[in-house]
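A.B. asks: Sequence:
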Amino acid sequence: EHDGVRPDVVLLGKALSGGVYPVSAVLADRDIMLCIQPGEHGSTYGGNPLACAVALTALRVLVDEQLATRATALRALFRDGVVALKSPRVKAVRGRGLLNAVVINEDLPSEKTRSAWQFCLLLKSRGVLAKPTHGNIVRFAPPLVVEEADLLRAVQIIGECLADLDRVRSFSPSLM
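Position one of the sequence shown corresponds to residue 1 (the working numbering), numbered consecutively onward.
Please note: incorrect hints may appear among the correct ones.
Cross-link-like lysine-lysine pairs, in silico, DSBU-like; alpha carbons within 30 Å at most [unchecked claim]:
hint, residue 1, residue 2
1, Lys124, Lys91
2, Lys91, Lys131
3, Lys86, Lys131
4, Lys14, Lys131
5, Lys124, Lys86
6, Lys124, Lys14
Simulated DEER-style distance windows between Cβ atoms [what the hints assert, rightly or not]:
hint, residue 1, residue 2, range
7, Asp31, Ser115, 46 to 52 Å
8, Gly13, Pro109, 39 to 45 Å
9, Val168, Pro22, 35 to 41 Å
10, Pro109, Thr57, 51 to 57 Å
11, Arg30, Leu108, 53 to 59 Å
12, Leu108, Arg139, 36 to 42 Å
13, Ser24, Pro109, 45 to 51 Å
14, Ala28, Leu108, 19 to 25 Å
15, Arg60, Pro22, 15 to 21 Å
16, Cys52, Val83, 39 to 45 Å
17, Met33, Thr69, 24 to 30 Å
18, Asp3, Arg60, 24 to 30 Å
Simulated from the structure, these hints should not be mistaken for lab results.
The C-beta atom is built at its ideal place from N, Cα and C for all residues, glycine as well.
Could you put together the complete structure from these sequences and hints?
C.D. replies: This is the structure in structure tokens:
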């Protein structure tokens, strides 16, 4: 939607149920969906009534609470907050809505270089969960219902951890 593209097929999973129950879905126009005739494909759990009820409720919350619009507004709060830290350790901040990536600058002198993994361990020790991915990229994916104050606190902790990375020589996951 952000780019005005309408795909032929959309696959949904994981968050479709709000994390309550495993649910996935395939969305497509009738001409694509009806390529498979009744009886040609089966699924043990397809159409599970509980899964469908949970997914419908989660989708109602998504629409009624305007979580997509809210995510767009909070995106600026997160992204602008991290950029405002002006840390030489941050090469770029990018993403859509509340799904954001911070690219760690690997062009620093070797004695100042710290990995995304080390940064994530330090964040974890202070209560912020993030995922190192693709080497120098840290993914931040707070829930769509995150409170503004919690997001601002996360940005503050990110800044503290970026500053404290200079004082950290090595990490032991068991100590975190």
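A.B. asks: Now look at each hint and say whether the structure bears it out.
C.D. replies: Hint check results:
Restraint check: the Cα-Cα separation between Lys124 and Lys91 comes to about 21 Å, which is no more than 30 Å; the hinted pair holds. With a CA separation close to 17 Å, the supplied pair Lys91 and Lys131 stays within the 30 Å bound. A threshold of 30 Å between alpha carbons decides the hint, and for Lys86 with Lys131 the separation of about 21 Å falls inside it, so the pair holds. The straight-line distance between the Cα atoms of Lys14 and Lys131 is roughly 17 Å, inside the 30 Å bound, and the hint therefore holds.
This hinted pair checks out: Lys124 and Lys86 have alpha carbons roughly 22 Å apart, not beyond 30 Å. Our distance criterion of 30 Å between C-alpha atoms is met by Lys124 and Lys14, whose separation comes to about 23 Å. Take Asp31 and Ser115: their Cβ atoms lie about 48 Å apart, and the range 46 to 52 Å holds. A C-beta distance of roughly 43 Å is found between Gly13 and Pro109, which places it inside the suggested range of 39 to 45 Å.
Taken as a hint, the range 35 to 41 Å holds for the pair Val168 and Pro22, whose Cβ atoms sit roughly 38 Å apart. Separation of Pro109 from Thr57 is about 53 Å and conforms to the stated range, judged on CB atoms against 51 to 57 Å. Checked against the hint of 53 to 59 Å, the pair Arg30 and Leu108 passes, with Cβ atoms roughly 54 Å apart. Taking 36 to 42 Å as the suggested C-beta distance range, the pair Leu108 and Arg139 does not conform, at roughly 21 Å.
Our hint of 45 to 51 Å for Ser24 and Pro109 holds, since their Cβ atoms are close to 47 Å apart. Range check, Ala28 to Leu108: Cβ separation about 47 Å, and the 19 to 25 Å hint is violated. Distance hint for Arg60 and Pro22: a CB-CB separation of about 19 Å, consistent with the stated range 15 to 21 Å. A beta carbon spacing of about 42 Å between Cys52 and Val83 agrees with the range 39 to 45 Å that was offered as a hint.
Taken as a hint, the range 24 to 30 Å holds for the pair Met33 and Thr69, whose Cβ atoms sit roughly 29 Å apart. Checked against the given bound of 24 to 30 Å, the beta carbons of Asp3 and Arg60, roughly 26 Å apart, stay inside it.
Comparing the model with each earlier hint shows violations of hints 12 and 14; every other hint is respected.
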